[in-house]
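Novice: One-letter residues, chain by chain:
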Amino acid sequence: MRFNEKELVLLSRQPSERAAELGMRGPKKGDVVKKRLVKLVVNFLFYFRTDEEEPIGALLLEQCRVEREDSQTFSIAFLDEAERKYVFECDTEEQCAEWIDSIIKASYEFMRKNLIYYRTEIHRLTGKDPLEQYGISDEARFQVSNGRPLPTVPFLVAL
Amino acid sequence: MKIDEKVLTYFESSNSPVDKEGYLYKKGEIKTSYQKRWFVLKGNLLFYKDRQTDRDLVGVIVLEGCTVQLCESEEKFAFSLVWSEPGLRTYKFAAEDQASQESWIKALLSASHSYLALLVVDMESKYRDALGALSSQPSKPFVMPNFNTVQPAVFVTSNTCTSSALGTASSPNSCPNLQALTISSKTASKKSPKLRSKKNASVVPMFDPFQTIGEYDFNQLHEDYGKEVKELIAMWSKKGHGGANVQDENLIDFG
Chain A
2 MRFNEKELVL
12 LSRQPSERAA
22 ELGMRGPKKG
32 DVVKKRLVKL
42 VVNFLFYFRT
52 DEEEPIGALL
62 LEQCRVERED
72 SQTFSIAFLD
82 EAERKYVFEC
92 DTEEQCAEWI
102 DSIIKASYEF
112 MRKNLIYYRT
122 EIHRLTGKDP
132 LEQYGISDEA
142 RFQVSNGRPL
152 PTVPFLVAL
Chain B
193 MKIDEKVLTY
203 FESSNSPVDK
213 EGYLYKKGEI
223 KTSYQKRWFV
233 LKGNLLFYKD
243 RQTDRDLVGV
253 IVLEGCTVQL
263 CESEEKFAFS
273 LVWSEPGLRT
283 YKFAAEDQAS
293 QESWIKALLS
303 ASHSYLALLV
313 VDMESKYRDA
323 LGALSSQPSK
333 PFVMPNFNTV
343 QPAVFVTSNT
353 CTSSALGTAS
363 SPNSCPNLQA
373 LTISSKTASK
383 KSPKLRSKKN
393 ASVVPMFDPF
403 QTIGEYDFNQ
413 LHEDYGKEVK
423 ELIAMWSKKG
433 HGGANVQDEN
443 LIDFG
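Protein sequences appear in the order of chains A and B.
Basically the working numbering = 1-based index in the first sequence + 1.
Basically the working numbering = 1-based index in the second sequence + 192.
One or more hints might be untrue.
To be verified - Below 30 Å or equal to it, Euclidean Cα-Cα: the simulated DSBU-like pairs (lysine-lysine) are:
no., chain 1, residue 1, chain 2, residue 2
1, B, K198, A, K7
2, A, K7, B, K318
3, B, K223, B, K268
Said to hold, decoys possible - What follows is a list of derived Cβ distance ranges for each label pair:
no., chain 1, residue 1, chain 2, residue 2, range
4, B, T282, A, K30, 33 to 43 Å
5, B, E288, A, E53, 14 to 24 Å
6, B, S225, A, V34, 40 to 50 Å
7, B, S292, A, E55, 51 to 61 Å
Honestly, the hints are just simulated from the structure, not real lab data.
All C-beta atoms in this analysis are idealised placements derived from N, C-alpha and C, irrespective of residue type, glycine included.
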């Protein structure tokens with residue numbers, strides 16, 4: 002599968018609030034835990050060998066389940082095969098909780114749902130569609146899940 | 193750098209929302225001919241395959257850090273995704289007609305994760321304001337929404353504006369922003385020979401897509417995006433496609 006590798010490598014260099022050295026184990030049988038610099042940028046998890054500039058790999062954080070494995074360990078499982086997991090070992094319980102929270106909130110789908118929720122609520126409370134001023138009201142990605150666009154002012158509909 | 197292909201394949205085939213899909217011509221990465229491919233836009237990922245019914249993906253383009261631009265091309269209805277840093281790519285596409293070109297450009301302009309993140313922050317704050325207004329003044333009558341923000345006029349090319357478009361009872365003549373849009377399209381057309389020079393064939397936004405949230409005013413970001421889109425529209429309407437179809441009604445159906 003082709004992908005825009007150089008551009009993705011550039012993305013991996015962007016500032017991130019969630020970057021740390023963690024123990025990481027790959028999803029294949031026989032993979033062992035290795036120390037990696039793990040960095041969350043947008044909805045990708047990049048992992049580097051310590052002190053290397055280019056990541057070894059990139060993991061898309063969509064359609065995945067993030068779980069606590071034990072007090073300091075979390076896993077990311079991809080929904081195609083529930084047992085196919087990447088495992089990460091943290092230094093503290095707190096660090097582990099923070100990573101889980103950040104990864105869940107980084108997914109595009111999670112953010113989209115939030116947006117739709119706020120849009121719907123603001124419309125309900127004010128009668129105004131807050132996306133209208135940006136000219137993006139009819140973009141498919143901002144519609145409620147059944148695909149119907151929100152009615153525009155002055156038609157107020159109870160949602 | 194490796195990428196976990198199984199994850200990407202699974203995401204594309206899953207029933208997560210599709211933001212746009214359709215055939216586009218893509219300029220080859222090695223051969224320079226345009227090849228027809230089926231594209232699926234989901235979030236900030238643009239997948240492509242040979243045919244709609246194929247299961248195997250040919251490739252994916254991660255849409256972060258790029259701009260969407262009109263481009264000079266022997267192909268009609270062309271546009272490109274541009275990473276402006278040295279050594280990075282430009283992907284060139286051609287749509288089958290103007291409507292498809294406009295629709296794809298619009299969809300790609302708002303596709304990045306960074307953009308969505310800024311939008312969510314903005315919506316959160318508007319939501320808090322709306323809740324605050326409600327709880328602090330329970331007996332206040334309905335407050336007229338603030339119409340001083342940018343008018344919903346990104347794709348409106350008409351010189352008139354109906355009251356339903358603005359949601360107010362304002363008279364058809366008091367639409368300063370729409371008139372400004374018309375005026376700017378005239379100046380854009382005068383400039384268009386310069387715009388079509390090799391160096392500067394496309395509209396380039398004025399901001400760094402990687403600017404961190406909190407340092408950037410989202411309204412300003414939208415002004416910039418909106419300006420880019422307005423300029424694109426102005427160029428299209430003057431390029432000859434729009435010559436015969438100056439429209440009297442809004443392109444967006446306001447219901």
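Novice: The structure should be examined with respect to each hint, and the outcome stated for every one.
Specialist: Cross-check of the supplied hints:
1. Distance hint between K198(B) and K7(A) is fulfilled; the C-alpha atoms sit about 20 Å from each other, no more than 30 Å.
2. Taken as a hint, the K7(A) and K318(B) pair is broken in the structure, with Cα atoms around 37 Å apart against an allowance of 30 Å.
3. Straight-line distance between C-alpha atoms of K223(B) and K268(B) comes to about 19 Å, which keeps the hinted pair within the 30 Å bound.
4. Between T282(B) and K30(A) the CB atoms are about 41 Å apart, so this pair conforms to the stated range of 33 to 43 Å.
5. Distance hint check: the CB atoms of E288(B) and E53(A) are about 44 Å apart, inconsistent with the given range 14 to 24 Å.
6. Restraint check, S225(B) to V34(A): a C-beta distance of roughly 48 Å satisfies the suggested window 40 to 50 Å.
7. Our hint of 51 to 61 Å for S292(B) and E55(A) is violated, since their Cβ atoms are close to 37 Å apart.
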